[in-house]
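Engineer: Each chain, written out:
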Amino acid sequence: MFPFKSRQPQMLDSMYSMIALVFILVACVELCDAATVVDVYRLIQYDISGVPFGSRLATLNHHAGSLHFTPGADLSRTVVIIPIRELNITFVKEYITQRKPLGGLLFLLPQIFDFEDRGATVSEDQVHEKGLMKTVLAELEKLLIHANIPYPVYFAFENDDIDTVLSDIKRNDATGQPATATTGGYKFVVSAPEPKRIASPTITNIQGWLPGLKADGDPNQLPTIAIVVSYDTFGTAPALSVGTDSNGSGVVALLEIARLFSLLYSNPKTRGRYNLLFGLTSGGPYNYNGTQKWLRSFDQRLRESIDYAICLNSIGSWDNELWIHVSKPPENAYIKQIFEGFSNVAKELGLEIGLKHKKINISNPRVAWEHEQFSRLRITAATLSELSVAPDILESTGGLSDNRYFVNETAIVRSIKLVAESIARHIYSHQGENIKVFADDSSLAVNPSYVKSWLDLLSQTPRVAPFLSKNDPFVMALKKELEDHAHEVNVQHEALDGMFTFYDSTKAKLNIYQVASVTFDLLLLLVLGSYLIVLFSFLVITTRGLDDLISLFRRPTSRKVKTA
Amino acid sequence: MTLFHFFNCAILTFGPHAVYYSATPLSEYDTLGTSIKAALVYLGTALVKLVCLATFLKVSENDSFDPYQELLKALIGFIDVAGLYFALTQLTHRNISQNHKFQAVGLGWAFADSVLHRLAPLWVGARGLEFTWDYILQGLEANANLVLSISLAALGSLMWLRKNKPKTLIPIIYACAGIVATMPSITSYLRRGLGWHLPKVVGFELFTSLMMAFISWQLFSACQRPSS
Chain A
1 MFPFKSRQPQ MLDSMYSMIA LVFILVACVE LCDAATVVDV YRLIQYDISG VPFGSRLATL
61 NHHAGSLHFT PGADLSRTVV IIPIRELNIT FVKEYITQRK PLGGLLFLLP QIFDFEDRGA
121 TVSEDQVHEK GLMKTVLAEL EKLLIHANIP YPVYFAFEND DIDTVLSDIK RNDATGQPAT
181 ATTGGYKFVV SAPEPKRIAS PTITNIQGWL PGLKADGDPN QLPTIAIVVS YDTFGTAPAL
241 SVGTDSNGSG VVALLEIARL FSLLYSNPKT RGRYNLLFGL TSGGPYNYNG TQKWLRSFDQ
301 RLRESIDYAI CLNSIGSWDN ELWIHVSKPP ENAYIKQIFE GFSNVAKELG LEIGLKHKKI
361 NISNPRVAWE HEQFSRLRIT AATLSELSVA PDILESTGGL SDNRYFVNET AIVRSIKLVA
421 ESIARHIYSH QGENIKVFAD DSSLAVNPSY VKSWLDLLSQ TPRVAPFLSK NDPFVMALKK
481 ELEDHAHEVN VQHEALDGMF TFYDSTKAKL NIYQVASVTF DLLLLLVLGS YLIVLFSFLV
541 ITTRGLDDLI SLFRRPTSRK VKTA
Chain B
1 MTLFHFFNCA ILTFGPHAVY YSATPLSEYD TLGTSIKAAL VYLGTALVKL VCLATFLKVS
61 ENDSFDPYQE LLKALIGFID VAGLYFALTQ LTHRNISQNH KFQAVGLGWA FADSVLHRLA
121 PLWVGARGLE FTWDYILQGL EANANLVLSI SLAALGSLMW LRKNKPKTLI PIIYACAGIV
181 ATMPSITSYL RRGLGWHLPK VVGFELFTSL MMAFISWQLF SACQRPSS
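Top line first, the protein sequences correspond to chains A and B.
Taking the working numbering, the leading residue of the first sequence gets 1, the next gets one more, and so forth.
Taking the working numbering, the leading residue of the second sequence gets 1, the next gets one more, and so forth.
Calculated directly from the structure, the hints in this document are not laboratory data.
Just so you know, not all the hints are guaranteed correct.
What the hints assert, rightly or not - SDA-like mimics (lysine to any residue), calculated; alpha carbons at most 25 Å apart, straight line: (1) 187(A) - 165(B); (2) 200(B) - 543(A); (3) 200(B) - 528(A); (4) 187(A) - 136(B); (5) 187(A) - 3(B); (6) 200(B) - 187(A); (7) 200(B) - 529(A); (8) 187(A) - 2(B); (9) 200(B) - 530(A); (10) 37(B) - 529(A); (11) 269(A) - 3(B); (12) 356(A) - 388(A); (13) 93(A) - 123(B); (14) 187(A) - 37(B); (15) 165(B) - 543(A); (16) 187(A) - 4(B); (17) 452(A) - 52(B); (18) 200(B) - 524(A).
As the list claims (entries may be wrong) - Partner residues are not named here, just some residues of chain A that face chain B (Cβ under 8 Å, in silico): (19) 513; (20) 519; (21) 524; (22) 525; (23) 526; (24) 530; (25) 544; (26) 545; (27) 547; (28) 550.
Note that beta-carbon positions come from the ideal geometry of N, C-alpha and C, so glycine has one too.
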């Protein structure tokens, strides 16, 4: 006993540390065994000149609710899960514009929109259904991008697990029942790190140069024709912004045109007397920032030698009509020449082409079309597009609905034919003559499988510029492809205009837990307590007799009697 | 709240052992030492069983019922009986009556079983956010196991410690002991061979444990009458 006592303070110390350790261990709740884990994609978070937009939070830890909640219920600690099929845009608009408190939003996109799901086959009515959803999605995207939302907003794709969860939630909300263990209360947990500012995002411009045939003894610089396309996108969910039409179609067209002209120019006998400059620019959604920096890097001689530049923007989902947008007035001789050349080829191909003129306002920083950057430096340029009206800022830059299924590769092939043929006729001075340079069934025919394979790749690659690193594999792939066709390829890295700031954390995993309510736990405790008491009484009665049980309760009173 | 659930399941799984100890005269006669020794014997038995299972059993890919494997598992399960025999007869107990000896040994045996088989899953699983009924069912199973262990210890003490038994009852005693000893195989057959779900299996276990407890109580009191 004696040595035991002297060791007691030491033992107490070690006991306290043991207890502390036990408390620490006990406090870390296991979060890994969820019923369902779903990939979710966050709404974009960005600032324009310090003004915040988009969803400002990433972590989520709230109960789930559906649209069938009782009106007037407090949703500040609820994540509302909304399938796009049943989207009620007025509800969303109300909550966002009136800044009503909400725990979070989860939008469920139909499975077909998932570009990573290669196994999905598309039926006719599914495509029609998607067409209807396109307008709904576009409106939702516009609302979300231009709002400042203080809670997390996520997008996910429908699948069986989440559908069962949603139907459970709807059933509970319909009956107005609070969540219990058996009727299924769900908790949504996303443990994502706090979104950090992306420091100095880079934009990468790639240019390819195909030199023309210079006659011996001719000191003058050959004229140049430029074909420019911006390849990056901007959308509601940056991890899903593949922008197949805006502007994947343009990128594919540029690569195919480069391939065709490199074939033509490989033989000195067929090399034209024009240089060709191919430009893949970044920073398109941000007032064509990349194009501006690229042009500024040109030296004076090159700038003066450019005859005209053709920019391609969204040429993948049109039927019969394309538009040429210009900044110089249509009466201008150069513009007339370009337009006539295009019209002639268009007539032969059986499609219509219109001319749209939009004046540029130098004081306004907004650049709606890529050719405007050229026009500001007094280079003749035009944009070929299926859009008839200039898009607003951050519109038509590759959103959620800009999907592979809405893009028609035959439309792209026809656009390639139009552009390539028009440029070829200009180079070889065959204006108005009935000669086809890139005729079908010739070795210079447009290759539809090349177009298709690049289009498929582009429709699976999200390309939001701040999230593309300097050595992004896709950018390197574009560079490599252009090197195959052009004689000289240069890559230019620039910093994105300081007006735009972006935040990371675009993809996360959502854990869905089925939780029991507090009342259930308390009830269980009550039941167990009474069970143990009953067991105790039963055992005392059977082994020691009823008197012993009664004596257990009588002891305090007998003691009182004794002391009194 | 998840810690709350862990606490609930823990008192369901381990509470009855403590209640049994304090409610019955075991606490008055201070038989804690016996229970602890029985728990240690169970530990040893479990290790031996583990080694035998690892050596002789094949790992099956699917969860179906293989009669040969189950027979082997049942044979290895009899090591349990051997361990109980060792705990009842070979360990030195302070002079406590047979009545209390088997109870203490059974209690220690069941407590060790619960701790070894149920504490770790409870700790890891019940603290998570996700709610399942599994841990409550596991607690009920622990209760059934306590009753079964005490009945088996009673029958064991009848078989090996009591010398003068009525002749007619001996085969019944051995039969009941056999049933209780092979209870694990029976439950695994129900789960895999017949495909019963956990709640049904636990209900069956509770029912049979109560039945077996009643039968062994009757047998024990019947054997006790001639000596008293």
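Engineer: Would you check whether residue 530(A) satisfies its interface hint, that is, whether its CB is within less than 8 Å of any CB in chain B?
Structural biologist: violated, 12 Å
Engineer: Taking only the CA atoms, is the gap from residue 187(A) to residue 3(B) under or equal to 25 Å?
Structural biologist: Between residue 187(A) and residue 3(B) the Cα gap is close to 17 Å, so the pair holds against 25 Å.
Engineer: Return the status of the interface hint for residue 524(A): holds when the least beta-carbon distance to chain B is below 8 Å, violated otherwise.
Structural biologist: With a closest approach of 5 Å, the residue 524(A) hint holds.
Engineer: Minimum Cβ distance from residue 550(A) to chain B below 8 Å?
Structural biologist: At about 14 Å, which exceeds the 8 Å cut-off, the nearest Cβ of chain B leaves the hint on residue 550(A) violated.
Engineer: Given the hinted pair residue 165(B) and residue 543(A), is their Cα-Cα distance within 25 Å?
Structural biologist: holds, 23 Å
Engineer: Taking only the CA atoms, is the gap from residue 269(A) to residue 3(B) under or equal to 25 Å?
Structural biologist: violated, 83 Å
Engineer: Would you mind confirming whether the straight-line C-alpha gap from residue 187(A) to residue 136(B) stays at or under 25 Å?
Structural biologist: Within the cut-off at roughly 21 Å; holds.
Engineer: Sort out whether residue 165(B) lies within 25 Å of residue 187(A), counting only the CA atoms.
Structural biologist: violated, 62 Å
Engineer: Below or equal to 25 Å on CA atoms is what counts here, so check residue 200(B) against residue 528(A).
Structural biologist: The given pair, whose Cα atoms are some 20 Å apart, holds under the 25 Å limit.
Engineer: Has the given pair, residue 452(A) with residue 52(B), been kept, meaning a C-alpha gap of at most 25 Å?
Structural biologist: Outside the cut-off at roughly 63 Å; violated.
Engineer: Are the Cα atoms of residue 200(B) and residue 529(A) separated by 25 Å or less?
Structural biologist: holds, 24 Å
Engineer: Using Cβ atoms only, decide whether residue 519(A) comes closer than 8 Å to chain B, and label the hint accordingly.
Structural biologist: violated, 10 Å
In the structure shown, a violation is registered for the earlier hints numbered 1, 2, 6, 10, 11, 13, 14, 17, 20, 23, 24, 26, 27 and 28, in ascending order.
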